[in-house]
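Visitor: Single-letter residue listing:
Number of protein chains: 2
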Amino acid sequence: MKNILGREIPEVIEGYGKVKPFEGAFANCGIAEKKSVKVKSVIPGDNKVLANIEEALDKVELKDGMTISFHHHLRNGDYVLNMVMEAIAKKGIKDITIAASSIFPIHEPLVEYMKKGIVTGIYANYMSGPVAEAISKGALKRPAVMMTHGGRPRAIESGDLHIDVAFVAAPTADTYGNLNGTEGKSACGALGYAESDAEYADKVVAITDNLVPYPASPIQITQIFVDYVVEVDSIGNPAGIVSGTTRITKDPVGLKIAKMATEVIEASGLIKDGLSFQTGAGGTSLAVAAELKEIMKAKGVVGSFAAGGVTGYIVDMFEEGLFRAIFDVQCFDLQAAESFKKNPAHMAMSSSMYGNPHNKGAVVNNLDVMILGATEIDTNFNVNVTTGSDGVIMGGSGGHSDTAAGSKLAIIVTNLVKARLPIIKDRVTTVTTPGESIDVLVTERGIAVNPRRTDLIEKLKETNLPVYTIEELKAIAEKMTGKPEAIEVSDEIVAVVEYRDGTVIDVVKKALE
Amino acid sequence: MKNILGREIPEVIEGYGKVKPFEGAFANCGIAEKKSVKVKSVIPGDNKVLANIEEALDKVELKDGMTISFHHHLRNGDYVLNMVMEAIAKKGIKDITIAASSIFPIHEPLVEYMKKGIVTGIYANYMSGPVAEAISKGALKRPAVMMTHGGRPRAIESGDLHIDVAFVAAPTADTYGNLNGTEGKSACGALGYAESDAEYADKVVAITDNLVPYPASPIQITQIFVDYVVEVDSIGNPAGIVSGTTRITKDPVGLKIAKMATEVIEASGLIKDGLSFQTGAGGTSLAVAAELKEIMKAKGVVGSFAAGGVTGYIVDMFEEGLFRAIFDVQCFDLQAAESFKKNPAHMAMSSSMYGNPHNKGAVVNNLDVMILGATEIDTNFNVNVTTGSDGVIMGGSGGHSDTAAGSKLAIIVTNLVKARLPIIKDRVTTVTTPGESIDVLVTERGIAVNPRRTDLIEKLKETNLPVYTIEELKAIAEKMTGKPEAIEVSDEIVAVVEYRDGTVIDVVKKALE
Numbered sequence: 001m002k003n004i005l006g007r008e009i010p011e012v013i014e015g016y017g018k019v020k021p022f023e024g025a026f027a028n029c030g031i032a033e034k035k036s037v038k039v040k041s042v043i044p045g046d047n048k049v050l051a052n053i054e055e056a057l058d059k060v061e062l063k064d065g066m067t068i069s070f071h072h073h074l075r076n077g078d079y080v081l082n083m084v085m086e087a088i089a090k091k092g093i094k095d096i097t098i099a100a101s102s103i104f105p106i107h108e109p110l111v112e113y114m115k116k117g118i119v120t121g122i123y124a125n126y127m128s129g130p131v132a133e134a135i136s137k138g139a140l141k142r143p144a145v146m147m148t149h150g151g152r153p154r155a156i157e158s159g160d161l162h163i164d165v166a167f168v169a170a171p172t173a174d175t176y177g178n179l180n181g182t183e184g185k186s187a188c189g190a191l192g193y194a195e196s197d198a199e200y201a202d203k204v205v206a207i208t209d210n211l212v213p214y215p216a217s218p219i220q221i222t223q224i225f226v227d228y229v230v231e232v233d234s235i236g237n238p239a240g241i242v243s244g245t246t247r248i249t250k251d252p253v254g255l256k257i258a259k260m261a262t263e264v265i266e267a268s269g270l271i272k273d274g275l276s277f278q279t280g281a282g283g284t285s286l287a288v289a290a291e292l293k294e295i296m297k298a299k300g301v302v303g304s305f306a307a308g309g310v311t312g313y314i315v316d317m318f319e320e321g322l323f324r325a326i327f328d329v330q331c332f333d334l335q336a337a338e339s340f341k342k343n344p345a346h347m348a349m350s351s352s353m354y355g356n357p358h359n360k361g362a363v364v365n366n367l368d369v370m371i372l373g374a375t376e377i378d379t380n381f382n383v384n385v386t387t388g389s390d391g392v393i394m395g396g397s398g399g400h401s402d403t404a405a406g407s408k409l410a411i412i413v414t415n416l417v418k419a420r421l422p423i424i425k426d427r428v429t430t431v432t433t434p435g436e437s438i439d440v441l442v443t444e445r446g447i448a449v450n451p452r453r454t455d456l457i458e459k460l461k462e463t464n465l466p467v468y469t470i471e472e473l474k475a476i477a478e479k480m481t482g483k484p485e486a487i488e489v490s491d492e493i494v495a496v497v498e499y500r501d502g503t504v505i506d507v508v509k510k511a512l513e
Numbered sequence: 001m002k003n004i005l006g007r008e009i010p011e012v013i014e015g016y017g018k019v020k021p022f023e024g025a026f027a028n029c030g031i032a033e034k035k036s037v038k039v040k041s042v043i044p045g046d047n048k049v050l051a052n053i054e055e056a057l058d059k060v061e062l063k064d065g066m067t068i069s070f071h072h073h074l075r076n077g078d079y080v081l082n083m084v085m086e087a088i089a090k091k092g093i094k095d096i097t098i099a100a101s102s103i104f105p106i107h108e109p110l111v112e113y114m115k116k117g118i119v120t121g122i123y124a125n126y127m128s129g130p131v132a133e134a135i136s137k138g139a140l141k142r143p144a145v146m147m148t149h150g151g152r153p154r155a156i157e158s159g160d161l162h163i164d165v166a167f168v169a170a171p172t173a174d175t176y177g178n179l180n181g182t183e184g185k186s187a188c189g190a191l192g193y194a195e196s197d198a199e200y201a202d203k204v205v206a207i208t209d210n211l212v213p214y215p216a217s218p219i220q221i222t223q224i225f226v227d228y229v230v231e232v233d234s235i236g237n238p239a240g241i242v243s244g245t246t247r248i249t250k251d252p253v254g255l256k257i258a259k260m261a262t263e264v265i266e267a268s269g270l271i272k273d274g275l276s277f278q279t280g281a282g283g284t285s286l287a288v289a290a291e292l293k294e295i296m297k298a299k300g301v302v303g304s305f306a307a308g309g310v311t312g313y314i315v316d317m318f319e320e321g322l323f324r325a326i327f328d329v330q331c332f333d334l335q336a337a338e339s340f341k342k343n344p345a346h347m348a349m350s351s352s353m354y355g356n357p358h359n360k361g362a363v364v365n366n367l368d369v370m371i372l373g374a375t376e377i378d379t380n381f382n383v384n385v386t387t388g389s390d391g392v393i394m395g396g397s398g399g400h401s402d403t404a405a406g407s408k409l410a411i412i413v414t415n416l417v418k419a420r421l422p423i424i425k426d427r428v429t430t431v432t433t434p435g436e437s438i439d440v441l442v443t444e445r446g447i448a449v450n451p452r453r454t455d456l457i458e459k460l461k462e463t464n465l466p467v468y469t470i471e472e473l474k475a476i477a478e479k480m481t482g483k484p485e486a487i488e489v490s491d492e493i494v495a496v497v498e499y500r501d502g503t504v505i506d507v508v509k510k511a512l513e
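Chains as they are written, first to last, in my numbering: chain C, 1 to 513; chain A, 1 to 513.
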């Protein structure tokens, strides 16, 4: 069958099950059910602190076929997923499904576990590095499931993704399972991606390298959700956790794109008191923040909130009074983590509060402006940030689809040509975010507005910005690069791309070697 | 049938249903289930702010036979319950069950609604004043259900108590339903009793007199739980909310009892680093805190946490460094509310985290010392704080049973004789808290230790404290007062007293006029 975007998808995918086809960004909202949860009562005198991960595996009765979850606040510095998997492999347990909010190059040991059948399923919102490449080459028994940052808590809370055991990497834990990310040598700030896991998994094990006396303070995940606590030497490499390396681009092309994107925002009329804003941590996206900052200051505008994975640039704007609040699901750098710790209005949000479409209103619903990247975009404004143009998985939605759906003005900023390939295609290799959610594409050579946004097209006519149709922009690019060849892939499905509501927006086929 | 305490209880109570008899404080722990919840998705552009309570009743489709809930942080200053009920009565809706965490004299209008069949059921953890008296006289169609502060969230989360619509009195709300109790003219501090309601009710309506632009900061109850927001002129009378009137007793008898109770704590060996402590806001209980404070200072002891409904006395101890943290479910006075706002280690806890026995460990489980009052206590140490000796409801467990069950040392402080009646009985009028949870009774004439605590009996032998058996203390009292007459009640059950695990520990019979 074909879904509403014309993507060819089987009705049933082996190892995944029956497909609910994508039907539009808000087609599947309405009444949603949060699943029932079983909890083992802890009574006075019970002890939660265990000697090591092996004991925890025994206590939670981990066995073949189970699904275990991890969160990615420690990013490419995370030791916890690998430590737990090593212990599982040693015990001879197999057929494990890993539900990680994201997978990074540091998780390379998974490749061997996949080949040996120890790991047979993977859920992730984003994956890069050896694991993503191995999946693309068919190393995983069942198709990987790619979700969004808001779709993952939706799936967990609804029961679509049942977690047997959640392992929560905790920069600080007390002896009764109260956790925070603000204290300890592995401090990472917010813990937003771990909250649904803690609330809905059958069992929850906190793994910490900073075990403190009861009670920890502050508390981000409370004792009522945590079954056991294990202390280890180190949960992560600080250099990989909060890198401090988010930087505004110095590339003149990127700066030009950022300037144009900011002019689009200004023309939209959204730069006024109450403005809400989010941007990714890419160099061009950050440059938009820098441009916006100057305009807000010049106009004396006080925004309502900035959200996201948060960087120091956003913290600077907040601390200069340009936003009243920050909603933070994850801190991207040390400055963000510091601010999260000290500024009361720099507030935590769970990934469910951030982007779950089946809540009573996620934070993304209140976003005015969202700055996003793209690997590819097609003439229907569908965006791919999941696979490269070679068809190999190198990313995933993360919050891309969530913020695009929620925001009033979702702007894609990208070079028109990358690595000698035009980014505008007739058909993207993989659809991550549907075109209906994207309002504007800004490239160094010109701007294209989604035809649905007739209001914005009118407003941009009053500016000197170089506005084209997306087909025109595509032609400009292809004049430089020639028409790219279509990539060849096999028929084997290696990954299912779920939209935030749990429908299937696309599939990823096995890449040819 | 009789439950394990020998209380005569029917197997089925009309208007309540099948009785699960109380079987012991921790007999019903194990695997507990949190119920599934249905949520109406809110999509971008949806508006949550409604014009008035009437519109909210329409939106949530309030109708005959529904259960609606309220929390009691505004205490005897609360306007919200009465406002909502007035609107319901005007619409001609009837047969409403009210699940309020507590009911105060200000809620007197309920008496008329009960008589007219508009209100036919009441759940509360505590009730005093005209409503309690009317229930005792049989004015309510179905028996009232008395719960504990930890038992109420257990019942809500398990589905035993299904709430159709929760009305949350919010000192501050933003336009998307983020709530806090720290800002606004009706600021009350913590909102711990409202959290389970917000998380598990079918619909949630916030009622505020301080509607602020999005987002509110801080956020205690988030937008993902709130369907609608209504702004009204005033949610409560500040004089009744945080009264600032909690005071240490000046009565020499009370001070003597407090001094002896503190000597018991000292003899128990619990006054050492890491000590955790809770006390009610009664004058004698607060005097124990004052005594304990001096000992902690003299010994250089740093406690782990104080918990509870929090008073300025506890805040003083915390701010002097005698406790590392405070867990706060409700602020009892202005000083507590101020501290809750400014001190990061003065932390909120939901009533579920406070006392729910079917969680992965409530805060009460970690209490060392708990100071409690009693209206009556029997020779098996069963305590009544639900009814007066005349059988009329004048209180209820609140956190009495929860903290007694969780703490290592639960001390009852009370005068041996009150209003010329001895407080020690052969059989208390109503059992609120089972004797197995009570460790010591301290009166001005002597101390009785629960025979189960042989360790403590040994320790007290090394002191000069006047230790008796509880039968001996009873005899001392009766020598002064004579043996009191048994009260007469009818056979009609007007209230069912649930233990924190949902079993029935006792019933209250209709008082004779």
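Calculated from the structure, these hints are not laboratory results. Using N, Cα and C, we set each Cβ at its ideal position, and we do this for glycine too. Check before you lean on any hint, since a few could be wrong.
Over the 12 angstroms line for every Cβ pair with chain A, so calculated as not near, a few chain C residues [unchecked claim]:
{"hint": "1", "residue": "GLY30"}
{"hint": "2", "residue": "LYS34"}
{"hint": "3", "residue": "LYS48"}
{"hint": "4", "residue": "LYS203"}
{"hint": "5", "residue": "LEU465"}
{"hint": "6", "residue": "THR481"}
Computed list of lysine to any residue pairs in SDA-like fashion (alpha-carbon distance at most 25 angstroms, straight line) [as the list claims (entries may be wrong)]:
{"hint": "7", "chain 1": "C", "residue 1": "LYS509", "chain 2": "C", "residue 2": "MET480"}
{"hint": "8", "chain 1": "A", "residue 1": "LYS510", "chain 2": "A", "residue 2": "VAL392"}
{"hint": "9", "chain 1": "A", "residue 1": "LYS341", "chain 2": "C", "residue 2": "ASN450"}
{"hint": "10", "chain 1": "A", "residue 1": "LYS408", "chain 2": "A", "residue 2": "VAL302"}
{"hint": "11", "chain 1": "A", "residue 1": "LYS341", "chain 2": "C", "residue 2": "CYS29"}
{"hint": "12", "chain 1": "A", "residue 1": "LYS35", "chain 2": "C", "residue 2": "SER41"}
{"hint": "13", "chain 1": "A", "residue 1": "LYS18", "chain 2": "C", "residue 2": "SER36"}
{"hint": "14", "chain 1": "C", "residue 1": "LYS408", "chain 2": "A", "residue 2": "VAL302"}
{"hint": "15", "chain 1": "A", "residue 1": "LYS38", "chain 2": "C", "residue 2": "CYS29"}
{"hint": "16", "chain 1": "A", "residue 1": "LYS342", "chain 2": "C", "residue 2": "GLU183"}
{"hint": "17", "chain 1": "A", "residue 1": "LYS272", "chain 2": "C", "residue 2": "LEU211"}
{"hint": "18", "chain 1": "C", "residue 1": "LYS38", "chain 2": "A", "residue 2": "VAL392"}
{"hint": "19", "chain 1": "A", "residue 1": "LYS509", "chain 2": "A", "residue 2": "LYS185"}
{"hint": "20", "chain 1": "A", "residue 1": "LYS40", "chain 2": "C", "residue 2": "SER36"}
{"hint": "21", "chain 1": "A", "residue 1": "LYS509", "chain 2": "A", "residue 2": "THR67"}
{"hint": "22", "chain 1": "C", "residue 1": "LYS272", "chain 2": "A", "residue 2": "ILE43"}
{"hint": "23", "chain 1": "C", "residue 1": "LYS341", "chain 2": "A", "residue 2": "GLU492"}
{"hint": "24", "chain 1": "A", "residue 1": "LYS272", "chain 2": "C", "residue 2": "TYR214"}
{"hint": "25", "chain 1": "A", "residue 1": "LYS272", "chain 2": "C", "residue 2": "VAL49"}
{"hint": "26", "chain 1": "A", "residue 1": "LYS272", "chain 2": "C", "residue 2": "PRO213"}
{"hint": "27", "chain 1": "C", "residue 1": "LYS297", "chain 2": "C", "residue 2": "LEU409"}
{"hint": "28", "chain 1": "C", "residue 1": "LYS20", "chain 2": "C", "residue 2": "SER158"}
{"hint": "29", "chain 1": "A", "residue 1": "LYS408", "chain 2": "C", "residue 2": "TYR214"}
To give an idea of the interface, some chain A residues facing chain C are shown, with a C-beta separation under 10 angstroms as derived from the structure [as the list claims (entries may be wrong)]:
{"hint": "30", "residue": "VAL37"}
{"hint": "31", "residue": "ILE43"}
{"hint": "32", "residue": "ALA139"}
{"hint": "33", "residue": "GLY159"}
{"hint": "34", "residue": "LEU211"}
{"hint": "35", "residue": "ILE219"}
{"hint": "36", "residue": "GLU263"}
{"hint": "37", "residue": "ALA267"}
{"hint": "38", "residue": "GLY269"}
{"hint": "39", "residue": "SER276"}
Visitor: Can the restraint linking LYS38/C and VAL392/A be considered satisfied, given a maximum Cα separation of 25 angstroms?
Guide: 39 angstroms, violated
Visitor: Please work out if LYS20/C and SER158/C have their alpha carbons no farther apart than 25 angstroms.
Guide: Judged against 25 angstroms, a Cα distance of about 15 angstroms means the pair holds.
Visitor: Hint check: LYS341/A vs ASN450/C, CA-CA at most 25 angstroms. Holds or violated?
Guide: 46 angstroms, violated
Visitor: Are the Cα positions of LYS341/A and CYS29/C separated by 25 angstroms at most?
Guide: Violated. LYS341/A to CYS29/C sits at ~37 angstroms, over the 25 angstroms cutoff.
Visitor: Quick check for students: does the CB of GLY30/C sit more than 12 angstroms from each CB in chain A?
Guide: 6 angstroms, violated
Visitor: Does the closest beta carbon of chain C sit nearer than 10 angstroms to the beta carbon of ILE219/A?
Guide: Given a least distance of 6 angstroms, the restraint on ILE219/A holds.
Visitor: Regarding the pair LYS35/A and SER41/C, is the alpha-carbon distance no greater than 25 angstroms?
Guide: Roughly 15 angstroms between the alpha carbons, so the hint for LYS35/A and SER41/C holds.
Visitor: Next item in the hint list is GLY269/A. Is there a CB on chain C closer than 10 angstroms to its CB?
Guide: 17 angstroms, violated
Visitor: Run the distance test for LYS408/C versus VAL302/A: straight-line Cα separation, threshold 25 angstroms.
Guide: Not OK: LYS408/C and VAL302/A at ~52 angstroms, beyond 25 angstroms, violated.
Visitor: For the pair supplied as a hint, LYS272/A and LEU211/C, confirm whether the alpha-carbon distance does not exceed 25 angstroms.
Guide: 21 angstroms, holds
Visitor: For the pair we were handed, LYS297/C and LEU409/C, check the Cα-Cα distance against 25 angstroms.
Guide: Given pair LYS297/C, LEU409/C holds - Cα atoms ~21 angstroms apart, limit 25 angstroms.
Visitor: Has the given pair, LYS272/C with ILE43/A, been kept, meaning a C-alpha gap of at most 25 angstroms?
Guide: 23 angstroms, holds
Checked against the numbered hints above, the structure breaks hints 1, 2, 3, 4, 7, 9, 11, 14, 18, 19, 23, 32, 34, 36, 37 and 38 and satisfies the rest.
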